[in-house]
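Undergrad: Protein chains in written order, with the numbering used here: chain E, 1 to 352; chain D, 1 to 336.
In short, the hints are calculated from the structure, not lab data. Each hint should be verified, as a subset may be incorrect.
Unchecked claim - Cβ-to-Cβ under 10 Å is the rule here; a few derived chain E residues that face chain D:
id, residue
1, Q171
2, I173
3, G189
4, V192
5, Q275
6, S276
7, Q316
8, R320
9, V330
Using N, Cα and C, we set each Cβ at its ideal position, and we do this for glycine too.
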Amino acid sequence: MTTKPGYEQVLDGSDTQVARFETRHTLLKRVQHILHNNPTFVPVIVLILSLAVFWIIAGGRFFSAFNLSLIMQQVSIIGILAAAQSLIIITAGIDLSVAAIMILMSVIMGNLAVHMGVPAPIAIIVGCAGGMLAGAMNGLLITKIKLPPFITTLGTWSIFFALNLWLSGAQSIRSQDIDEHAGLLKFFGNAVNIGGARITFGVILMILIFIVLWYMLNKTAWGRHVYAIGDDMEAAEMSGIRTERTLVSVYMLAGLVCAIAGWASIGRVGSISPQSFYEGNLQSITAVVIGGISLFGGRGSIMGALFGALIVGVFQSGLRMAGVDVLWQVFAIGWLIIIAVAIDQWIRRVSA
Amino acid sequence: MKNLMTSSVIALTTMAGAAYADINACLITKTDTNPFFVKMKEGATAAAKENGINLSTFAGKIDGDVESQIAAVETCIASGAKGILITPTDSRALTPVISQARDAGALVIALDTPFEPANVADATFATDNFKAGVLIGEWAAAKLGDEAANAKIALLDLNASEISVDYLRNNGFLQGFGIDIKDPTDIGDEDDPRIVGNDVTNGNEEGGRTAMENLMQIDPEINVVYTINEPAAAGAYEALKSVGRENDVMIVSVDGGCPGVQNISEGVIGATSMQFPLLMASLGIDAIKTWAETGAKPRNTEGLDFYNTGVELITDEPIDGIPSLTSAEGLGKCWG
Chain E
1 MTTKPGYEQV
11 LDGSDTQVAR
21 FETRHTLLKR
31 VQHILHNNPT
41 FVPVIVLILS
51 LAVFWIIAGG
61 RFFSAFNLSL
71 IMQQVSIIGI
81 LAAAQSLIII
91 TAGIDLSVAA
101 IMILMSVIMG
111 NLAVHMGVPA
121 PIAIIVGCAG
131 GMLAGAMNGL
141 LITKIKLPPF
151 ITTLGTWSIF
161 FALNLWLSGA
171 QSIRSQDIDE
181 HAGLLKFFGN
191 AVNIGGARIT
201 FGVILMILIF
211 IVLWYMLNKT
221 AWGRHVYAIG
231 DDMEAAEMSG
241 IRTERTLVSV
251 YMLAGLVCAI
261 AGWASIGRVG
271 SISPQSFYEG
281 NLQSITAVVI
291 GGISLFGGRG
301 SIMGALFGAL
311 IVGVFQSGLR
321 MAGVDVLWQV
331 FAIGWLIIIA
341 VAIDQWIRRV
351 SA
Chain D
1 MKNLMTSSVI
11 ALTTMAGAAY
21 ADINACLITK
31 TDTNPFFVKM
41 KEGATAAAKE
51 NGINLSTFAG
61 KIDGDVESQI
71 AAVETCIASG
81 AKGILITPTD
91 SRALTPVISQ
101 ARDAGALVIA
111 LDTPFEPANV
121 ADATFATDNF
131 KAGVLIGEWA
141 AAKLGDEAAN
151 AKIALLDLNA
161 SEISVDYLRN
171 NGFLQGFGID
181 IKDPTDIGDE
191 DDPRIVGNDV
201 TNGNEEGGRT
211 AMENLMQIDP
221 EINVVYTINE
231 PAAAGAYEAL
241 KSVGRENDVM
251 IVSVDGGCPG
261 VQNISEGVIG
271 ATSMQFPLLM
281 ASLGIDAIKT
291 WAETGAKPRN
301 TEGLDFYNTG
311 VELITDEPID
321 GIPSLTSAEG
331 LGKCWG
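Just chain E, same shape as in the assembly (with noise of 0.2 Å):
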């Protein structure tokens, strides 16, 4: 250490940092931190919870592995098209159209396979070309016309729900029929039994599909794009993202996986119904909301959803087992949207 000047001998007790700030680490903060940077904890220990809440509540018969596969299959469709919806809100959009399109192409494939005998596979090859097709155009109405993505959305699900009352004369195809027909439609209702549970290739199905998008996400360019759009889409275009091109893929890509559900609902549901899942648009959006992704876009893991499509599908079952009406299961859920809409928003207002 050098001498000093006498006269600056008196800072040598000083503070020598240049700035500081205040930061106080209470334990709730330290929360909203580890929150905020694994936003799938929330949904994950809201499943254990419930699901240990409903073991106790209503018996081991909740908690048996045949009723936790069953939950599994209740919530196959929902949760494929939560993926689907996923994306869509990962981008700062949302997508009213999701299960319009479902029972479209659901109609689209059992009229060609069931009803003009077209061979199932070709079938189903022209239902997910006609997902991808109704997705390209919400994409293109958004980026070319710059419509908001809730109203584009607003108008074409009542388009495809128009359409698919107008091709199938809202008449349900008969499952005798498909069995005839078009078994392979009915592909994804075929189940292994693993112990006491029963796994259907749909749920195998949700599974591979979020798994396959969750890698799509992380760990490929797209996916990161896809995130940098929903964060802040100005900001992502003057890094040279091409943005419109990516939204149009992500809706196309949204289209292809609600078409791969509306193959996977007709093993699921039996029939092909054109008045099922009327609210699976608004079911899907609950399941991502629940999920910890968030309606603003570019934040949130798509595992997320399928967490929050389960949490639904295990609230659902164990108030039923509990005997609890079916009102009050509609409020639960109801309460289940605004406390994970305001855990997000609490976590959004995290520091740096």
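Given chain E, put chain D in place with the hints provided.
TA: Frame of chain E; chain D shown alone:
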């Protein structure tokens, strides 16, 4: 502006009155996509043609679309319709506009769904939904014989709102089966130990399957299943099939749609009560003609506050003492 509209309405009305003795009538359905209403429209159109009546048809966009129906009634009043046939999408909300129509001199007949109170309209032509339930209940009990005392019953209803058609069919079935229904307008207040539980289906296959799965989780030995309609029944059957119990369980239903009747012949559904939308509409047109010509209004069926358009039990396993039609006969009469 209002004055202008009123005067043009009057002009329209007088014009309609002046042109020969033409009778204008309207048919307003809940939607024009449900096969039930499609059949109703067919019946009305055919009967109108036969009787030389000018029929205009209207429909809501979806179930519950009150605004479209109100607009349709207003259009009918403006066109000087002698009669209005309507399936009210909301039993209460349409009351004021229906009064206007009657004041303007139209005969208003509710089809399928009664108004609350029923006398808002001049008459109601509908299925006796309670009777429809009773028929399948009696059939199920007779089919089981002595085993009916040990039955395990699942009740697959419509939705949480518990509207009239929902409780009438559900409670009719229970009464027919021989169970004390307590409050006839309430679902789920029964305490008979044979009832495993109620769940809702939204009247479609997906809901029927999920509801059946849920109730089987409460008691896997369910052997009698009541369903609100045939799509729900088809869904319940799929749930039973997935656990290999489709042959041990009896499913009964209500409606008489063609896919449902086909499911009777294939053994998916044991029995169903068929209703007759086409008849409701054609009888309605006849009533309008009679009223326009003689001023006589239709009367209710004795003991009911509506005119019963009939209900038939369809089954391929008939029981002595309960009149029924076979599925082959049913296919000739089904709707949709």
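Undergrad: Please verify that hint: E:R320, Cβ, nearest Cβ of chain D, below 10 Å or not.
TA: holds (5 Å)
Undergrad: Answer holds if the nearest beta-carbon of chain D is closer than 10 Å to that of E:V192; otherwise answer violated.
TA: Interface hint status for E:V192: violated (13 Å vs cutoff 10 Å).
Undergrad: Quick check on the hint: E:I173 CB to chain D CB, less than 10 Å?
TA: holds (8 Å)
Undergrad: Could you check if E:S276 really has its C-beta closer than 10 Å to a C-beta on chain D?
TA: holds (4 Å)
Undergrad: Would you settle whether the hint for E:Q316 is holds or violated, based on the nearest Cβ-Cβ distance to chain D being less than 10 Å?
TA: Status holds, d = 8 Å.
Undergrad: Can the hint on E:V330 be confirmed by a CB-to-CB distance to chain D that is less than 10 Å?
TA: At about 7 Å, which falls below the 10 Å cut-off, the nearest Cβ of chain D leaves the hint on E:V330 intact, so it holds.
Undergrad: Regarding the hint that E:Q275 lies at the interface with chain D, is the smallest CB-CB distance below 10 Å?
TA: holds (4 Å)
Undergrad: Given a cut of 10 Å on the nearest C-beta pair, is the interface hint for E:Q171 held or broken against chain D?
TA: holds (6 Å)
Undergrad: Minimum Cβ distance from E:G189 to chain D below 10 Å?
TA: Where the cut-off is 10 Å and the nearest Cβ of chain D is about 8 Å from E:G189, the hint holds.
Hint violations for this structure: number 4 only, all remaining hints satisfied.
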